[in-house]
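Asker: Sequence:
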Amino acid sequence: GMALLVLTLVRADLLESWQGKLPPDTPNRFVVNIQPDQIRPVQDFFAAQSLPTPELQPMVRGRLVAINERTISGDSYPDPRARALVEREFNLSYMEQMPTWNELVSGQWWDIGGQRTEDSGHKGGVQGQLSVEDGIARTLGIHLGDTLSYDVAGSSFTARVTSLRKVQWDSMKVNFFVIATPELLKDFPVSYLGSFYLPPDKLRAGDALSRTFPNLLLIDTGTVIAQVRSIMDQIAQAVSAVFLFTLLSGIAVLYAALLATQDERGHAAAILRTLGADSRYLRRLYLSEFAVLGGLSGLFASAGAVLLGWVLARFVLDIPYQVDALIWLTGCGGGMAVVMLAGWLATRKWVIGSPLELLRE
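Residue numbers (my numbering): 94 to 454.
Read the hints as simulated data drawn from the structure, not as lab findings.
Label-pair restraints from in silico Cβ distances:
{"#": "1", "residue 1": "Ala301", "residue 2": "Glu276", "range": "34 to 42 Å"}
{"#": "2", "residue 1": "Ala396", "residue 2": "Asp313", "range": "33 to 41 Å"}
{"#": "3", "residue 1": "Asp263", "residue 2": "Arg231", "range": "12 to 20 Å"}
{"#": "4", "residue 1": "Ala301", "residue 2": "Trp262", "range": "27 to 35 Å"}
{"#": "5", "residue 1": "Pro134", "residue 2": "Arg231", "range": "34 to 42 Å"}
{"#": "6", "residue 1": "Gly247", "residue 2": "Gly167", "range": "14 to 22 Å"}
{"#": "7", "residue 1": "Ser303", "residue 2": "Asn161", "range": "41 to 49 Å"}
{"#": "8", "residue 1": "Leu400", "residue 2": "Lys279", "range": "45 to 53 Å"}
{"#": "9", "residue 1": "Val346", "residue 2": "Pro293", "range": "47 to 55 Å"}
{"#": "10", "residue 1": "Gly397", "residue 2": "Ser143", "range": "44 to 52 Å"}
{"#": "11", "residue 1": "Val346", "residue 2": "Ala396", "range": "17 to 25 Å"}
{"#": "12", "residue 1": "Asp263", "residue 2": "Gly167", "range": "23 to 31 Å"}
The structure displayed is predicted, hence computed values, not measured ones. Just so you know, even glycine gets a beta-carbon here, dropped at the ideal spot from N, CA and C.
Using the sequences and the hints given, assemble the complete structure.
Answerer: This is the structure we're talking about:
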């Protein structure tokens with residue numbers, strides 16, 4: 094029960110740590126489906142609304158059909174996520190410079206203009222170069238130097254993977270699994286998308302953008318974050334209900350365990366009373382024992398919850414995790430209170446009873 098309570102606190106810490114990592118002007122809107130001839134009008138609209146102009150990125154949709162000239166499909170992968178990725182279209186992009194919020198983990202980014210001095214030709218039907226996000230590369234078994242073939246609106250191309258990137262998905266900026274050299278995708282049908290921060294006092298500008306450009310799709314990431322928080326709160330409520338049930342069950346089990354040893358404890362209490370121990374001494378003795386047991390239980394529960402929180406923060410959310418002292422206080426203090434309560438209910442008659450009464454029992 095204490096572990097569930099502490100895990101509930103860790104859940105809140107993780108959400109606050111993640112949101113605290115985001116700067117105040119983190120983009121909270123995505124605008125999608127901007128056509129090439131709408132780029133300038135959209136930029137003018139933002140300027141007229143006194144809003145920072147979003148950096149628009151080109152996007153081409155294509156399906157991955159082969160790796161190293163070996164045809165692939167969903168059946169090629171046992172992992173459900175890998176199958177889902179292969180069975181849908183990728184959002185591909187092209188650019189000369191790597192986004193500043195991406196980190197190159199292996200390989201080499203191409204020079205300005207989309208060409209490198211080595212291995213940039215069209216040998217064997219390989220045209221241009223690709224940079225792949227390292228997570229999806231692991232999922233699909235893509236390595237540096239592999240060739241990927243995509244189908245885009247009935248046309249296909251093959252390009253070599255020359256770099257792998259680490260992407261900060263929680264930056265709320267536009268990110269892509271696969272980025273190509275500009276000359277590779279510039280002739281395919283393209284649309285543009287971007288992300289921007291819409292202040293609370295400028296919400297009407299979002300409505301005006303949708304009215305001015307009806308074909309654009311405006312995505313409110315703030316709503317998405319609110320939905321995530323709502324879901325996590327619902328989970329926390331469910332966990333709290335389970336915690337209450339297990340807490341009551343734990344008290345009952347501890348009470349039963351103490352009753353099972355009441356004969357031994359009763360005789361020990363009678364001997365101590367006979368030797369001169371008063372009720373206050375026995376009370377302090379038993380409560381100290383239960384406090385130590387409860388404190389240790391809470392300490393282990395807190396340590397386990399903190400370790401789980403660190404693992405989630407480090408390897409799942411990729412955020413720094415600050416341990417809240419409230420977790421340790423709640424774990425240790427709550428454990429002590431619960432065990433002391435259950436223990437006192439089971440042993441109070443040995444504290445207040447006379448030595449003769451205890452020996453008779």
